[in-house]
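Student: Chain residues, written in single-letter form:
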Amino acid sequence: MADLALGQNVLNEVNPQLVLGHPTYHSITEQVAGIMEGKTPRRWFLAISFTSSITLMLGAMLTYLLVTGIGAWGNNRPVYWAWDITNFVFWIGIGHAGTLISAILFLFRQKWRTSINRSAEAMTLFAVACAGIFPLFHTGRPWRAYWLFPLPNLDLNLWQNFRSPLIWDVFAVSTYATVSAMFWFVGMVPDLATLRDRAKNKIRQVTFGVLSLGWRGSARHWRHYEMAYLILAGLSTPLVLSVHTIVSFDFATSVIPGWHTTIFPPYFVAGAIFSGFAMVMTLLIIARWTLHLENLITRKHLENMNKIMLATGSIVGYAYATEFFIAWYSGNPYERFTFLNRALGPYAWAYWTMITCNVVTPQLFWFKKLRTSIPVMFTLTIFINIGMWFERFVIIATSLHRDFLPSSWGYFRPTIVDILTLTGTFGLFLTLFLLFARFLPMIAMAEVKAVVSNQNHHAAEGAQ
Amino acid sequence: MSAEFHGLVAEFADDHDLLIAAREARRFGYTKMEAYSPFPVHGIDDALGVPPSRLGWFVLAIGLTGTLAAILLQWWVGAINYPLIIGGKPLFSMEFAIPVTFELTVLFASFAAVVGMFALNGLPRFYHPVFNYSSYAGATDNRFLLVIEAGDPVFEPAEGEELMKTLGAVKTELVEA
Numbered sequence: 253m254a255d256l257a258l259g260q261n262v263l264n265e266v267n268p269q270l271v272l273g274h275p276t277y278h279s280i281t282e283q284v285a286g287i288m289e290g291k292t293p294r295r296w297f298l299a300i301s302f303t304s305s306i307t308l309m310l311g312a313m314l315t316y317l318l319v320t321g322i323g324a325w326g327n328n329r330p331v332y333w334a335w336d337i338t339n340f341v342f343w344i345g346i347g348h349a350g351t352l353i354s355a356i357l358f359l360f361r362q363k364w365r366t367s368i369n370r371s372a373e374a375m376t377l378f379a380v381a382c383a384g385i386f387p388l389f390h391t392g393r394p395w396r397a398y399w400l401f402p403l404p405n406l407d408l409n410l411w412q413n414f415r416s417p418l419i420w421d422v423f424a425v426s427t428y429a430t431v432s433a434m435f436w437f438v439g440m441v442p443d444l445a446t447l448r449d450r451a452k453n454k455i456r457q458v459t460f461g462v463l464s465l466g467w468r469g470s471a472r473h474w475r476h477y478e479m480a481y482l483i484l485a486g487l488s489t490p491l492v493l494s495v496h497t498i499v500s501f502d503f504a505t506s507v508i509p510g511w512h513t514t515i516f517p518p519y520f521v522a523g524a525i526f527s528g529f530a531m532v533m534t535l536l537i538i539a540r541w542t543l544h545l546e547n548l549i550t551r552k553h554l555e556n557m558n559k560i561m562l563a564t565g566s567i568v569g570y571a572y573a574t575e576f577f578i579a580w581y582s583g584n585p586y587e588r589f590t591f592l593n594r595a596l597g598p599y600a601w602a603y604w605t606m607i608t609c610n611v612v613t614p615q616l617f618w619f620k621k622l623r624t625s626i627p628v629m630f631t632l633t634i635f636i637n638i639g640m641w642f643e644r645f646v647i648i649a650t651s652l653h654r655d656f657l658p659s660s661w662g663y664f665r666p667t668i669v670d671i672l673t674l675t676g677t678f679g680l681f682l683t684l685f686l687l688f689a690r691f692l693p694m695i696a697m698a699e700v701k702a703v704v705s706n707q708n709h710h711a712a713e714g715a716q
Numbered sequence: 005m006s007a008e009f010h011g012l013v014a015e016f017a018d019d020h021d022l023l024i025a026a027r028e029a030r031r032f033g034y035t036k037m038e039a040y041s042p043f044p045v046h047g048i049d050d051a052l053g054v055p056p057s058r059l060g061w062f063v064l065a066i067g068l069t070g071t072l073a074a075i076l077l078q079w080w081v082g083a084i085n086y087p088l089i090i091g092g093k094p095l096f097s098m099e100f101a102i103p104v105t106f107e108l109t110v111l112f113a114s115f116a117a118v119v120g121m122f123a124l125n126g127l128p129r130f131y132h133p134v135f136n137y138s139s140y141a142g143a144t145d146n147r148f149l150l151v152i153e154a155g156d157p158v159f160e161p162a163e164g165e166e167l168m169k170t171l172g173a174v175k176t177e178l179v180e181a
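Quick note, the sequences are listed as chains D and C, same order. Just so we're aligned, residue 253 is where the first sequence starts under the numbering used here, counting upward by one. Just so we're aligned, residue 5 is where the second sequence starts under the numbering used here, counting upward by one.
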């Protein structure tokens with residue numbers, strides 16, 4: 253009879269191991285905790301001095317905006333929502349990948365998520381923080397931001413209009429930020445306890461002692477913990493879908509041609525995941541390389557992420573095509589004009605940048621050679637990041653700049669303050685990420701150990 | 005057994021050994037046991053006889069409170085306290101109330117899950133007798149501890165120690181309360 257048993261190398265090719273090099277539990281602790289316990293590398297200082305300078309510039313731009321007024325931005329008739337809302341939607345979308353990895357992949361029992369979920373969740377928080385800046389400052393008087401919440405107060409003496417999608421957005425984004433932060437913290441408690449027990453100096457002992465809340469890792473702890481984690485994953489999954497759905501309602505419930513479409517919620521959610529994965533990949537490839545995490549974040553992880561980008565990128569491309577088809581099929585002349593104007597009008601350069609980056613680029617991931625090559629995927633993720641920013645810009649600016657009355661047409665140009673504010677949020681995002689990578693465990697040690705245990709005991713069964 | 009000891013700690017080098025030891029110890033007649041591990045060990049609850057978590061019911065109750073609170077808020081604010089006709093839309097209807105209702109349900113339920121989990125675990129609690137174990141740090145790194153608590157009716161230190169040694173414990177120690 254033919255030998256039907258598969259060799260280990262064939263099996264590895266079909267289903268590669270998620271953690272390479274047969275680490276012990278202790279070596280995982282050493283590797284992950286070692287990143288934050290060792291001497292601060294010189295290049296970390298170089299990197300953070302660069303990114304924090306950019307963050308300072310963000311502060312300067314926002315101060316200038318507050319002192320001068322919203323006119324410092326390029327928003328003007330007829331494009332009142334422009335650069336800032338583009339950035340808001342862009343950053344919120346980036347955040348969605350973190351929740352997808354931590355919650356949705358958890359529910360689907362995708363064990364490969366364990367090496368990347370911590371950093372992806374951190375990225376979610378930082379991206380949401382960057383996103384929040386834009387609507388907050390677009391209000392013009394951010395010190396009155398509490399007016400957005402239904403708090404009884406004497407200076408306003410009014411309630412919010414719950415029929416408006418903008419108030420839905422306030423609830424969605426603030427819930428999202430809160431739940432993501434809790435999910436991230438709960439996931440980190442066992443690792444913080446590990447760091448507490450390893451701490452050599454007083455400061456670390458006290459800091460991690462307090463942060464870990466006295467976690468003991470007892471069976472009774474884990475029982476409630478796993479239940480809480482499962483519930484949070486179950487709650488975050490519809491939450492993340494609802495957030496971008498509600499963001500898309502800001503547009504879809506209006507009557508502007510190019511915005512007033514029912515395809516927006518699923519299309520925005522797919523786009524958000526697409527862009528977020530690209531950002532996670534960009535950061536992970538750098539972190540994996542600089543912190544020597546190749547054994548924990550393997551090529552298999554990166555390849556899986558590329559496959560998700562291929563899927564969501566194809567959904568996004570399909571949505572672009574559907575929008576065009578419906579514009580034609582609706583028979584509505586304004587709708588038809590808006591879409592022709594997008595592709596051939598004054599913003600055609602932005603439209604075709606978007607198409608190149610978002611529709612053409614991800615299709616390269618069909619080829620195994622390309623989706624497993626690190627330089628290729630790094631380049632492609634940068635393209636996708638750019639393309640997805642342009643998608644939001646195209647949707648927002650092209651729909652507004654030419655609507656029903658040609659007499660009120662215009663052309664939006666960003667001011668230097670617009671451009672430097674966007675650049676500044678990248679500085680803030682990267683600074684927060686660098687601080688995270690230096691001071692908190694970047695990889696969920698407890699979860700990776702559970703994967704290793706699974707891997708070891710499966711191997712033991714196979715050997716018998 | 006006197007109360008000056010918290011219990012007997014037996015340390016294992018592998019999660020599989022812990023699981024087998026917990027099963028055997030339970031078969032031996034111990035009832036007051038606790039296991040400590042750096043990651044959740046699959047099957048340990050059954051081995052120790054720990055009932056499943058009931059956190060879900062608490063989360064459901066608080067989540068539904070959130071649902072109700074959101075509906076009441078939007079109805080009272082829009083239709084009772086400050087009725088204002090905007091765009092000819094009704095003062096209250098479930099359709100436009102859904103997004104905020106959903107978000108508040110999730111928010112309340114998530115808080116319930118997190119606060120409930122810590123409360124059921126008795127956390128924050130910065131002192132616990134098990135921390136007196138001389139190499140407790142292993143329990144959050146690569147070691148698996150099985151503790152037979154002093155309050156166990158059939159517990160005898162010498163006997164327990166011998167049982168744990170035969171089950172593969174790499175170290176045993178009586179820990180002060």
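By construction, these hints were calculated from the structure, which means they are not laboratory data. Check the hints yourself; a few may be wrong.
[To be verified] Ranges of calculated distance between the beta carbons of each label pair, as one might list FRET restraints:
id, chain 1, residue 1, chain 2, residue 2, range
1, D, R551, C, G91, 24 to 34 Å
2, D, R396, C, I90, 53 to 63 Å
3, C, L88, D, R393, 57 to 67 Å
4, D, R393, C, I90, 17 to 27 Å
5, D, S279, C, L68, 21 to 31 Å
6, C, L68, D, N584, 38 to 48 Å
7, D, V507, C, I84, 56 to 66 Å
8, D, N584, C, T71, 55 to 65 Å
9, D, V628, C, R129, 28 to 38 Å
10, D, F691, C, G91, 46 to 56 Å
11, D, T667, C, L88, 33 to 43 Å
12, D, G323, C, T71, 51 to 61 Å
[Said to hold, decoys possible] So, partial list: chain D residues that the calculated Cβ filter (under 7 Å) puts toward chain C:
id, residue
13, W420
14, A451
15, K452
16, K454
17, L465
18, H473
19, I483
20, A485
21, G486
22, E546
23, F619
24, L622
25, T624
None of these values were measured; they are calculated from a predicted model. The beta-carbon is built from N, C-alpha and C at its ideal position, and this holds for glycine as well.
Student: Now look at each hint and say whether the structure bears it out.
Tutor: Okay, the hints, checked on the actual structure:
no. : hint                        : verdict
1   : R551/D x G91/C: 24 to 34 Å  : violated (54 Å)
2   : R396/D x I90/C: 53 to 63 Å  : violated (21 Å)
3   : L88/C x R393/D: 57 to 67 Å  : violated (22 Å)
4   : R393/D x I90/C: 17 to 27 Å  : holds (22 Å)
5   : S279/D x L68/C: 21 to 31 Å  : violated (46 Å)
6   : L68/C x N584/D: 38 to 48 Å  : holds (43 Å)
7   : V507/D x I84/C: 56 to 66 Å  : violated (30 Å)
8   : N584/D x T71/C: 55 to 65 Å  : violated (38 Å)
9   : V628/D x R129/C: 28 to 38 Å : violated (51 Å)
10  : F691/D x G91/C: 46 to 56 Å  : holds (49 Å)
11  : T667/D x L88/C: 33 to 43 Å  : holds (36 Å)
12  : G323/D x T71/C: 51 to 61 Å  : violated (43 Å)
13  : W420                        : holds (4 Å)
14  : A451                        : violated (9 Å)
15  : K452                        : violated (11 Å)
16  : K454                        : violated (15 Å)
17  : L465                        : holds (4 Å)
18  : H473                        : holds (5 Å)
19  : I483                        : holds (4 Å)
20  : A485                        : violated (10 Å)
21  : G486                        : violated (9 Å)
22  : E546                        : violated (22 Å)
23  : F619                        : violated (37 Å)
24  : L622                        : violated (36 Å)
25  : T624                        : violated (30 Å)
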